[in-house]
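This is what each chain is made of:
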Amino acid sequence: MRTALGLVWTIAWKDLRCELRAAGGIITMVLLGFLVVLVFSFCLESAARESASARSGILWAAFLFPGLVAVGRSFEGEKEVQCLEGLLLCPVDRSLIYLGKLLSSTILCWGSGLVVLVFFTALYNVGLGWEWPALLGIMLLLAAGLSAVGTLAAAVTVGVQARGALLSVLVLPLLVPLLVAAARCSVVLLGSEPWSGLGLWPVLMAIYDVVFVAVGIAIFEFVVE
Amino acid sequence: MDDLVRRRRSVLAAWGMVTGAIMALAAVAALFLAPREGEMGEVQRLFYFHMPCAWVALGLAITCVFGFSIAYLVTRNLRYDRIAAAAAEIGVMFTTITLITGSLWAKPVWGVYWTWEPRLTTTLILWFIYVGYLLLRWVAAPGHKRARLAAVYGVVGWVDVPIVFLSIWWWRTVHPRILGSGGFAIAGSMAWVLALCLAAFTLLFVYLLVLRVRILNLSSLLAEREAQAEDEGVEK
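Line by line, the protein sequences are chains A and B.
According to this note's numbering, the first sequence holds residues 1 to 225 in order.
According to this note's numbering, the second sequence holds residues 1001 to 1236 in order.
Worth flagging that the hints you see were computed from the coordinates, not collected in a lab.
Some hints here could point you the wrong way.
To be verified - Going by beta-carbon spacing under 10 Å, a handful of chain A positions derived as facing chain B:
| no. | residue |
| --- | --- |
| 1 | Gly-111 |
| 2 | Leu-114 |
| 3 | Arg-163 |
| 4 | Ile-207 |
To be verified - To be clear about the criterion: a stretch of chain B counts as covered by chain A if any three or more of its residues have a C-beta under 8 Å from a C-beta of chain A, and this derived list gives those stretches:
| no. | stretch |
| --- | --- |
| 5 | 1015-1023 |
| 6 | 1066-1072 |
Treat the numbers as computed from the prediction; the structure is a model and nothing was measured.
Using N, Cα and C, we set each Cβ at its ideal position, and we do this for glycine too.
Extracted from the complex, chain A is given alone in its bound form:
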């Protein structure tokens, strides 16, 4: 008998393996992130680029674009070859399927965010001290929240017209609390301010993640029945 955790990992690993085999998706996502960083760099004057708030704006925009693509892909492949029905026939609780999809999306978002952060660090001289892992931690909280809401929205929008744009329109307003919190944290970290400035923002992000993962577990069954 496999444990619930094992089942979640099996579903997540299946998705990740699909992504790794058809590497085009991951490469496109990472390139999209790089391009967002570049486009913003061209749009801002050099003095404006130095401010911590402008930099954190660029970082999160460059994270969000590939992130939205990643959550959108989590059900796209399933639909194309009608695997969704097969997945739903698995003799496991539907909430475990949600958690598996959530885990694979989080890893994809966070992974592409990590590569974007390396690129961003090189272009914007981000401090390589404790700020770097701290930024990665904030990015993980953001990736988890984006995936929690995004996986639900991706499942909701399977098969409807103009899916990509609709997914963004549905997800972005819901993400506002996370984005506000992530931007506040990164302004402190990128501006070399004392870490006490982080305050309760990471806690707010963690609460958001827990609330929406719980909502997702409770409601996912209704989406895919």
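Following the hints, complete the assembly by docking chain B onto the known chain A.
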């Protein structure tokens, strides 16, 4: 059956007339009877329409969307789905009016049309959530699947609103507040006018909701009958 329909219609018509009368009374009270506010002057009278609109949009409509979405998911009765849809449509309309009247009020009082104040920003985000909900209904094919998906988004959106408010409120307390809160003490007679306006807009919300739900019910019945007629035609 016909008696019931007729009785319902006359109740609705009476409700409409009462709502219209109270709306007219509220308009007269807000524009002429309420005392002129000392600092802001005449522009403060917008408040008597602005706040009730916000009450309908952020209080009544979203609670209806949430409540009837849950009711649909539990009972699978499409009637509840139509009520949630009607409430969302009315919600978009009143959120838009709230944003516009708020901006018109803010310009003379604060000197700008828009500021990132928690209530304003939350209202704007709520507008996007309502519109997203309606867009989702628009692109999905009618039926139980659409009802299910919309209900899920209705529930998730409702859970999000308090967290949005909390985060924006924290955000603004971190930043220096350039603008005042724009608050003012409500005198006794002002409170009466406000209460009258709140009552009028609540009645209006219920009236619009019932009317819209009736239209949605009828159009779904019509679609059903048309499909039935088509099937029978094919059989012949």
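Cross-check of the supplied hints:
no.	hint	in the structure
1	Gly-111	26 Å, violated
2	Leu-114	25 Å, violated
3	Arg-163	9 Å, holds
4	Ile-207	8 Å, holds
5	1015-1023	violated (count 0)
6	1066-1072	violated (count 0)
In this structure, the hints that do not hold are numbers 1, 2, 5, 6, in rising order.
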